[in-house]
Amino acid sequence: MSVVTNTTTIGAIELPSRRNTELLLLGFAVVIPIFAYANVGLAIHGELPPGMFLYGLGLGALAGVAHLVVRRYAKYADPLLLPIATLLNGLGLVLIWRLDQSERLQNLAKRQFGLFTESAPRQMLYTALAIALFSVVLLVLKDHRVLQRFTYISMAAALVLLILPVVPGLGADVFGAKIWISVGGFSIQPGEFAKIVIAIFFAGYLMVKRDALALASRRFMGLYLPRGRDLGPILMIWAMSLLVLVFENDLGTSLLFFGMFVIMLYVATERTSWIVIGLLMSIGGAVVVGATASHVKARVTAWLDPFDCYSTSGACEQVGQSIMSFGSGGVLGAGWGQGNSDLIGFAANSDFIFSTVGEELGLAGVMAFLLLYGLIIERGVRTALAARDPFGKLFAIGLSGAFALQIFVVAGGVMGLIPLTGMTMPFLASGGSSVLANWVLIAILIRISDTARRPAPAPAPSPDSEMTQVVRPS
Amino acid sequence: MNKPLRRISLFCGLLVLALLVRTNWLQYVQAEELSTRKENRRVQIAQYATQRGNIIVKGGAPITGSATTDGSDYKYKRTYTDGPLWAPVTGYASQAFGSTQLESLEDGILTGNDDRLFFDRTVGMFTGEKKQGGNVVTTLNPAAQKAAFEKLGDKVGAVAAIDPRTGAILALVSTPSYDPSSFAGNSKNDEKAWVSLKDSQDKKLVNRALRETYPPGSTFKVVTAAAALENSVVTDINAPTDTPEPYILPGTKTPMVNHASGCEKASLNKALEVSCNSVFANVGDKVGRDNMVKTAEKFGFNDDKIDTPVRAFSSVYDKTMSRDGNAQSSIGQFNTAATPLQMAMVTSAIANDGKLMKPYMVDQLTAPNLDVIEKHEPQEMSRPLSAANAQKLQQMMVNVVEKGTGDKAKIKDVTVGGKTGTAQHGEKNAKRPYAWFISYAENPDGSSPVAVAVVVEDSDASREDISGGGLAAPVAKAVMEAVLKSNKG
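In the order they appear, the protein sequences are chains F and B.
FYI, in full-length UniProt numbering the residues of the first sequence are 1 to 474.
FYI, in full-length UniProt numbering the residues of the second sequence are 1 to 489.
Simulated from the structure, these hints should not be mistaken for laboratory data.
You may find that some hints are simply not true.
[Unchecked claim] FRET-style restraints, in silico, Cβ to Cβ:
{"no.": "1", "chain 1": "B", "residue 1": "Val21", "chain 2": "F", "residue 2": "Gly314", "range": "27 to 33 Å"}
{"no.": "2", "chain 1": "F", "residue 1": "Ala291", "chain 2": "B", "residue 2": "Thr36", "range": "33 to 39 Å"}
{"no.": "3", "chain 1": "B", "residue 1": "Ile373", "chain 2": "F", "residue 2": "Thr312", "range": "18 to 24 Å"}
{"no.": "4", "chain 1": "B", "residue 1": "Val43", "chain 2": "F", "residue 2": "Lys297", "range": "28 to 34 Å"}
{"no.": "5", "chain 1": "F", "residue 1": "Arg219", "chain 2": "B", "residue 2": "Thr36", "range": "56 to 62 Å"}
{"no.": "6", "chain 1": "F", "residue 1": "Gly314", "chain 2": "B", "residue 2": "Thr36", "range": "44 to 50 Å"}
{"no.": "7", "chain 1": "B", "residue 1": "Lys319", "chain 2": "F", "residue 2": "Thr312", "range": "43 to 49 Å"}
{"no.": "8", "chain 1": "B", "residue 1": "Gly71", "chain 2": "F", "residue 2": "Arg72", "range": "50 to 56 Å"}
{"no.": "9", "chain 1": "B", "residue 1": "Val43", "chain 2": "F", "residue 2": "Pro16", "range": "51 to 57 Å"}
{"no.": "10", "chain 1": "B", "residue 1": "Lys3", "chain 2": "F", "residue 2": "Lys297", "range": "36 to 42 Å"}
{"no.": "11", "chain 1": "F", "residue 1": "Gly314", "chain 2": "B", "residue 2": "Val43", "range": "44 to 50 Å"}
[To be verified] Dumping the calculated DSS-like pairs for lysine-lysine here, alpha-carbon to alpha-carbon at most 27 Å:
{"no.": "12", "chain 1": "B", "residue 1": "Lys58", "chain 2": "B", "residue 2": "Lys375"}
{"no.": "13", "chain 1": "B", "residue 1": "Lys146", "chain 2": "B", "residue 2": "Lys488"}
{"no.": "14", "chain 1": "B", "residue 1": "Lys188", "chain 2": "F", "residue 2": "Lys110"}
{"no.": "15", "chain 1": "B", "residue 1": "Lys58", "chain 2": "B", "residue 2": "Lys485"}
{"no.": "16", "chain 1": "B", "residue 1": "Lys38", "chain 2": "F", "residue 2": "Lys297"}
{"no.": "17", "chain 1": "B", "residue 1": "Lys146", "chain 2": "B", "residue 2": "Lys204"}
{"no.": "18", "chain 1": "B", "residue 1": "Lys204", "chain 2": "F", "residue 2": "Lys110"}
{"no.": "19", "chain 1": "B", "residue 1": "Lys286", "chain 2": "B", "residue 2": "Lys253"}
{"no.": "20", "chain 1": "B", "residue 1": "Lys155", "chain 2": "B", "residue 2": "Lys204"}
{"no.": "21", "chain 1": "F", "residue 1": "Lys110", "chain 2": "B", "residue 2": "Lys146"}
{"no.": "22", "chain 1": "B", "residue 1": "Lys408", "chain 2": "B", "residue 2": "Lys155"}
{"no.": "23", "chain 1": "B", "residue 1": "Lys319", "chain 2": "B", "residue 2": "Lys375"}
{"no.": "24", "chain 1": "B", "residue 1": "Lys358", "chain 2": "B", "residue 2": "Lys375"}
{"no.": "25", "chain 1": "B", "residue 1": "Lys3", "chain 2": "F", "residue 2": "Lys209"}
{"no.": "26", "chain 1": "B", "residue 1": "Lys358", "chain 2": "B", "residue 2": "Lys58"}
A virtual CB, placed ideally from N, CA and C, is assigned to each residue, including glycine.
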């Protein structure tokens with residue numbers, strides 16, 4: 001570990017717990033979505049939404065429970081993570097409810113499935129479940145270092161989670177991507193959970209192997225190249241990501257895992273060569289897959305010029321519609337409930353939910369959302385910096401890095417910055433797995449930051465310090 | 001481990017920064033382009049999100065409407081009262097197939113998005129009133145329009161009628177017509193109707209009154225007569241001309257065929273009465289190509305910017321043709337082509353003592369609360385001939401109706417001037433000819449309230465010049481009577 005002067009970590013002086021700051025921010029995080037909710041109701045139906053009071057109360061109660069759990073079990077946790085996640089989740093609920101009101105989407109659902117079901121109540125339920133899970137994680141996980149013990153079990157679990165969607169009979173092919181499994185009528189996206197589980201494995205594994213990976217290397221062209229046998233793990237992860245990509249048609253998840261691994265490897269070994277190797281491998285993989293898999297190829301074409309193939313390719317139409325949503329929003333947006341982002345049709349309230357933000361809240365709103373996500377990432381990285389143990393550092397940076405990559409890949413995809421991949425915007429998009437997994441992620445970051453900021457136990461007084469006499473020869 | 005951590009944090013910052021730059025690019029730099037792309041259905045959605053204003057005819061009756069739809073994309077849909085009757089005026093506004101003519105040109109007013117309605121919109125924002133479109137008040141006379149449409153019946157043809165005193169368009173009919181209501185929406189049925197209209201053999205979607213040119217045939221002889229009088233080739237309309245029989249086209253050995261008798265050395269007046277080809281070819285040749293072009297252009301030929309505000313096609317009088325071509329063109333054959341509106345303009349200039357008024361059909365644009373935003377002031381377009389010459393020409397045209405080929409247009413107790421025409425077309429003139437009739441009626445005080453041009457395509461007309469009088473004149477008569485009657489009552 002480097003010896004940068006660090007005032008936030010170790011110290012016997014008790015730091016302010018910042019719980020009251022958190023409570024105040026939480027107040028805003030609950031009130032803002034309630035106003036947004038009222039705004040949508042007034043814009044679409046000309047009246048306040050019927051369940052407004054109840055929903056507001058529900059969101060407030062959930063936030064209150066989360067706050068109390070943090071106050072009791074993670075007193076020194078970072079004060080920003082919980083309010084920002086609550087705000088994003090609350091606004092996500094409003095966005096989903098707003099898209100539920102869209103006649104266009106209702107008709108589309110009726111045409112495709114014969115009936116239309118509202119997503120917002122289900123999402124509210126998932127949010128409640130997620131807060132419950134959040135509380136359980138904080139209650140059970142008293143110290144994140146416990147997870148070190150499950151390093152290899154985590155690896156196995158992550159592999160199983162990743163493979164599940166391709167198991168015949170269990171996996172569900174939805175619009176070309178095999179990333180869902182359906183169990184008892186519920187669709188679950190195991191990849192969302194795998195993200196966290198695999199971070200445990202990476203952190204545990206790298207903590208042990210970091211010295212070997214960092215030191216046993218040869219210098220070549222200014223880079224420290226690892227030994228051949230140390231390349232094993234990264235090759236395996238790379239191959240796994242490619243397999244995910246090829247068999248599940250899921251560019252996003254594959255990118256996410258590989259990126260997360262490279263980030264953690266770099267942090268663990270402090271060797272730039274890993275970044276270079278990682279980049280080369282991902283470029284190589286991307287080129288090969290991009291040239292062969294038709295699914296990926298269509299998305300690359302759509303990314304290059306969505307309007308060139310607009311009328312002929314569904315992928316192009318989606319991206320084109322999404323970009324036009326952003327463009328039509330302009331600087332200030334159309335206003336809650338007054339846009340036409342539902343023209344995207346497909347996955348408007350999940351993969352493409354950010355387009356609704358773009359159209360209805362405009363440039364100002366999109367920037368605000370991006371900065372909120374940026375803040376979560378920043379608090380995550382800060383937690384990693386502040387953590388006192390290498391496992392915690394690696395775990396925190398892995399989770400934050402993955403979070404950042406996910407934001408980039410999803411938002412960049414719908415904005416036409418990079419080819420579109422099927423992933424969900426954390427906290428905004430409709431979908432239980434995503435909400436549950438991301439609240440767990442927040443819970444873990446809160447736990448690590450609590451451990452980091454907790455005052456170090458006062459050094460135990462040495463029982464014989466005073467008794468010991470220095471005997472000097474006289 | 002903190003050094004790489006800081007670098008990773010920088011990297012994450014860059015990722016977010018890239019997204020921030022991208023959203024600025026999309027939502028600020030490219031916003032205008034993206035929000036108005038042709039693929040962007042928001043444009044049409046906005047167009048039909050409010051109740052569209054109406055197009056109104058003389059007397060205050062709207063000929064359009066707006067109905068709520070049960071589709072989720074567009075809240076309102078355009079409807080038309082008597083769609084086929086008024087289609088040449090309104091054009092169409094279809095959710096799926098775009099809009100044309102007045103519906104397209106005055107879209108800003110009709111949707112309420114025009115800058116001049118900004119104040120109304122702002123007031124509406126505070127009073128909570130829904131945005132509404134303004135109205136377009138036209139000059140069209142419903143009685144005249146109906147008379148023309150009914151008289152044309154199932155014949156293929158067109159009628160244009162103008163008030164010579166102001167240039168106000170009174171009737172604009174094209175048959176067979178279409179009902180713009182039938183494809184105003186975006187359903188399967190709308191598409192079916194649209195496709196069948198678009199591919200129809202008889203070109204139902206074409207506005208023949210403004211957007212189709214025909215050889216004007218003998219009706220063009222009034223233009224030749226005007227040129228002859230203006231250029232002093234003829235000064236006395238009753239003096240015999242030096243036209244031989246048969247008249248050989250200059251520079252050729254082709255004789256100009258007459259369908260009438262008594263054309264040898266006939267006076268201009270007599271020649272118009274019985275429609276002598278030889279006399280007018282001779283006179284047109286004497287006026288010369290360039291002077292013919294000059295007069296024709298003063299009447300509006302060769303002008304591709306006749307905006308009523310719906311732009312009419314340019315009528316043609318060839319500027320570069322040979323001498324014999326000019327002689328043939330002087331009787332409305334060869335390269336000469338005119339829209340019905342153009343021939344109505346010619347008639348109106350003669351009836352208005354030589355002054356051609358700019359034709360127009362939008363009288364007023366009004367705000368939703370009926371405040372007038374814009375009012376059309378009649379404008380003089382040109383003076384193709386002097387008042388004295390115009391009166392001579394009027395005398396000749398009255399003579400045609402009283403004694404000559406145009407007797408079917410006679411109205412009791414009203415002075416009517418007219419001219420028939422039959423235009424040959426097709427290779428070797430094999431196709432069935434077009435029957436034309438142009439005419440005007442006079443008030444007792446000598447001013448003229450209506451000039452009308454009628455063309456009937458594909459009729460079973462014989463080549464005889466009389467056919468214009470037989471087929472087209474009754475239509476013109478009905479229009480003139482309708483205008484006179486509505487002016488009285």
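Okay, the hints, checked on the actual structure:
Checked against the hint of 27 to 33 Å, the pair Val21 (chain B) and Gly314 (chain F) passes, with Cβ atoms roughly 28 Å apart. With their beta carbons about 36 Å apart, Ala291 (chain F) and Thr36 (chain B) fall inside the hinted range of 33 to 39 Å. The supplied range of 18 to 24 Å is broken by Ile373 (chain B) and Thr312 (chain F), whose beta-carbon atoms lie about 44 Å from each other. For Val43 (chain B) and Lys297 (chain F), the Cβ-Cβ distance of about 31 Å falls inside the hinted range of 28 to 34 Å, so the restraint holds.
Checked against the hint of 56 to 62 Å, the pair Arg219 (chain F) and Thr36 (chain B) passes, with Cβ atoms roughly 58 Å apart. Taken as a hint, the range 44 to 50 Å is violated for the pair Gly314 (chain F) and Thr36 (chain B), whose Cβ atoms sit roughly 24 Å apart. Lys319 (chain B) and Thr312 (chain F) have their C-beta atoms about 47 Å apart, which keeps the hinted 43 to 49 Å range intact. Range check, Gly71 (chain B) to Arg72 (chain F): Cβ separation about 55 Å, and the 50 to 56 Å hint holds.
Taking 51 to 57 Å as the suggested C-beta distance range, the pair Val43 (chain B) and Pro16 (chain F) conforms, at roughly 55 Å. At roughly 40 Å, the beta carbons of Lys3 (chain B) and Lys297 (chain F) sit within the given window of 36 to 42 Å. For the pair Gly314 (chain F) and Val43 (chain B), the beta carbons lie near 22 Å from each other, so the given range of 44 to 50 Å is not met. As the CA atoms of Lys58 (chain B) and Lys375 (chain B) are separated by approximately 14 Å, the hinted pair is consistent with the 27 Å bound.
For the given pair, Lys146 (chain B) sits about 18 Å from Lys488 (chain B) by alpha-carbon distance, which is consistent with the 27 Å threshold. With a CA separation close to 18 Å, the supplied pair Lys188 (chain B) and Lys110 (chain F) stays within the 27 Å bound. Under the criterion of a C-alpha separation no larger than 27 Å, the hint pairing Lys58 (chain B) with Lys485 (chain B) is consistent with the structure, at around 14 Å. The straight-line distance between the Cα atoms of Lys38 (chain B) and Lys297 (chain F) is roughly 26 Å, inside the 27 Å bound, and the hint therefore holds.
Using a Cα cut-off of 27 Å, the hinted pair Lys146 (chain B) and Lys204 (chain B) holds, with the two alpha carbons roughly 18 Å apart. For the proposed pair Lys204 (chain B) and Lys110 (chain F), the alpha carbon gap of about 38 Å is over 27 Å, so the pair is violated. Proximity of Lys286 (chain B) to Lys253 (chain B) is assessed by CA-CA distance (about 18 Å); at most 27 Å being required, the pair is judged to hold. The suggested pairing of Lys155 (chain B) with Lys204 (chain B) holds, with an alpha-carbon distance near 12 Å, which does not exceed 27 Å.
A distance of roughly 46 Å separates the Cα atoms of Lys110 (chain F) and Lys146 (chain B); the hinted pair therefore is violated under the 27 Å criterion. At roughly 18 Å between alpha-carbon atoms, Lys408 (chain B) and Lys155 (chain B) fall within 27 Å of each other, so this suggested pair holds. With a C-alpha separation of about 37 Å, the suggested pair Lys319 (chain B) and Lys375 (chain B) falls outside the 27 Å cut-off, and the hint is violated. A distance of roughly 15 Å separates the Cα atoms of Lys358 (chain B) and Lys375 (chain B); the hinted pair therefore holds under the 27 Å criterion.
At most 27 Å may separate the alpha-carbon atoms for a hinted pair to count; Lys3 (chain B) and Lys209 (chain F) meet this at roughly 19 Å. Our distance criterion of 27 Å between C-alpha atoms is met by Lys358 (chain B) and Lys58 (chain B), whose separation comes to about 19 Å.
Checked against the numbered hints above, the structure breaks hints 3, 6, 11, 18, 21 and 23 and satisfies the rest.
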